[in-house]
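**Student:** Take a look at the letters that make up each chain.
2 protein chains.
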Amino acid sequence: MPVSNEVTTTERPDVNAANCPSRSVLEHITSRWGVLVLAALLEDGRRFSELRRLIGGVSEKMLAQTLQTLERDGFVHREAHPVIPPRVDYSLTELGEQAARLVAGLARWSEAHVTDVLTARAGYDDRS
Amino acid sequence: MPVSNEVTTTERPDVNAANCPSRSVLEHITSRWGVLVLAALLEDGRRFSELRRLIGGVSEKMLAQTLQTLERDGFVHREAHPVIPPRVDYSLTELGEQAARLVAGLARWSEAHVTDVLTARAGYDDRS
Numbered sequence: 001m002p003v004s005n006e007v008t009t010t011e012r013p014d015v016n017a018a019n020c021p022s023r024s025v026l027e028h029i030t031s032r033w034g035v036l037v038l039a040a041l042l043e044d045g046r047r048f049s050e051l052r053r054l055i056g057g058v059s060e061k062m063l064a065q066t067l068q069t070l071e072r073d074g075f076v077h078r079e080a081h082p083v084i085p086p087r088v089d090y091s092l093t094e095l096g097e098q099a100a101r102l103v104a105g106l107a108r109w110s111e112a113h114v115t116d117v118l119t120a121r122a123g124y125d126d127r128s
Numbered sequence: 001m002p003v004s005n006e007v008t009t010t011e012r013p014d015v016n017a018a019n020c021p022s023r024s025v026l027e028h029i030t031s032r033w034g035v036l037v038l039a040a041l042l043e044d045g046r047r048f049s050e051l052r053r054l055i056g057g058v059s060e061k062m063l064a065q066t067l068q069t070l071e072r073d074g075f076v077h078r079e080a081h082p083v084i085p086p087r088v089d090y091s092l093t094e095l096g097e098q099a100a101r102l103v104a105g106l107a108r109w110s111e112a113h114v115t116d117v118l119t120a121r122a123g124y125d126d127r128s
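Residue numbers (this note's numbering), protein chains in the order written: chain A, 1 to 128; chain B, 1 to 128.
Chain A with its partners taken away, still in its complex shape (with noise of 0.2 Å):
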């Protein structure tokens, strides 16, 4: 079995050693596209193509590569459906709406304080 898919550890996980898995747990659910998929699918399952029209400024390829990530590390379902044409589906798992919630609370934090952020950054530049 490979290195990379060991599933003990004899040493407690830190996300500070930059060998231990839970850093890559850690910045795949916190990636560029990672955190808004993972609270896009937070209200609800979703299509590829609604997941592609909501969240702004995402390619297919990055959606597509970011949900594969995500489908890998236990947190999404893909669901395939033999019909014509071809409709897949995503979802949350149980782990994975653990994370998404995590997530979805940044996401509406950072929402809230926008402002306050923009305030900073002005008088940031001011003082430079």
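Derived by calculation from the structure, the hints in this document are not laboratory data. Glycine residues also receive a C-beta, built at the ideal position from the N, C-alpha and C atoms. The reader is advised that the hints may include incorrect statements.
With the Cβ distance kept under 10 Å, some of the chain B side facing chain A (calculated, not the full set) [stated by the list, open to error]:
1. Asp14
2. Ile29
3. Ser31
4. Gly105
5. Trp109
Keeping the supplied structure of chain A fixed, place chain B upon it in accordance with the hints.
**Tutor:** Below, chain B without anything else, positioned relative to chain A:
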């Protein structure tokens, strides 16, 4: 005043909108090193050199850049002490502490669920 420093907005902030400034707030607090720096500062103010030692794999340049971004956003307070050798301390502002609590929650969750994710990855790779 440049558009990026506008502190008022007529529309409701939405991280799914590519041009909404709330997306940049979210991206800064969830950046690769931003997450780890915020979480590291949550317990205590720290010197640059301490942060560099604590956060495995961060380069001096990336740490400096991350701290500057977080300072400009109003999350981090920087205090340079006029001593020899020079010493610079970083601490969280009140706003930064709010963000840090949320990202530290994600870091702790990632550590707690690393085995679940590694198990999911092994299963995915076996099926592929």
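**Student:** Please go over all the hints and tell whether each is borne out by the structure.
**Tutor:** Hints, one by one, checked against the model:
1. Asp14: holds (7 Å)
2. Ile29: Holds, because the Cβ-Cβ distance from B/Ile29 to chain A comes to roughly 6 Å (cut-off 10 Å).
3. Ser31: Interface hint status for B/Ser31: holds (8 Å vs cutoff 10 Å).
4. Gly105: holds (6 Å)
5. Trp109: The hint holds - B/Trp109 has a Cβ within 10 Å of chain A, the shortest such distance being about 6 Å.
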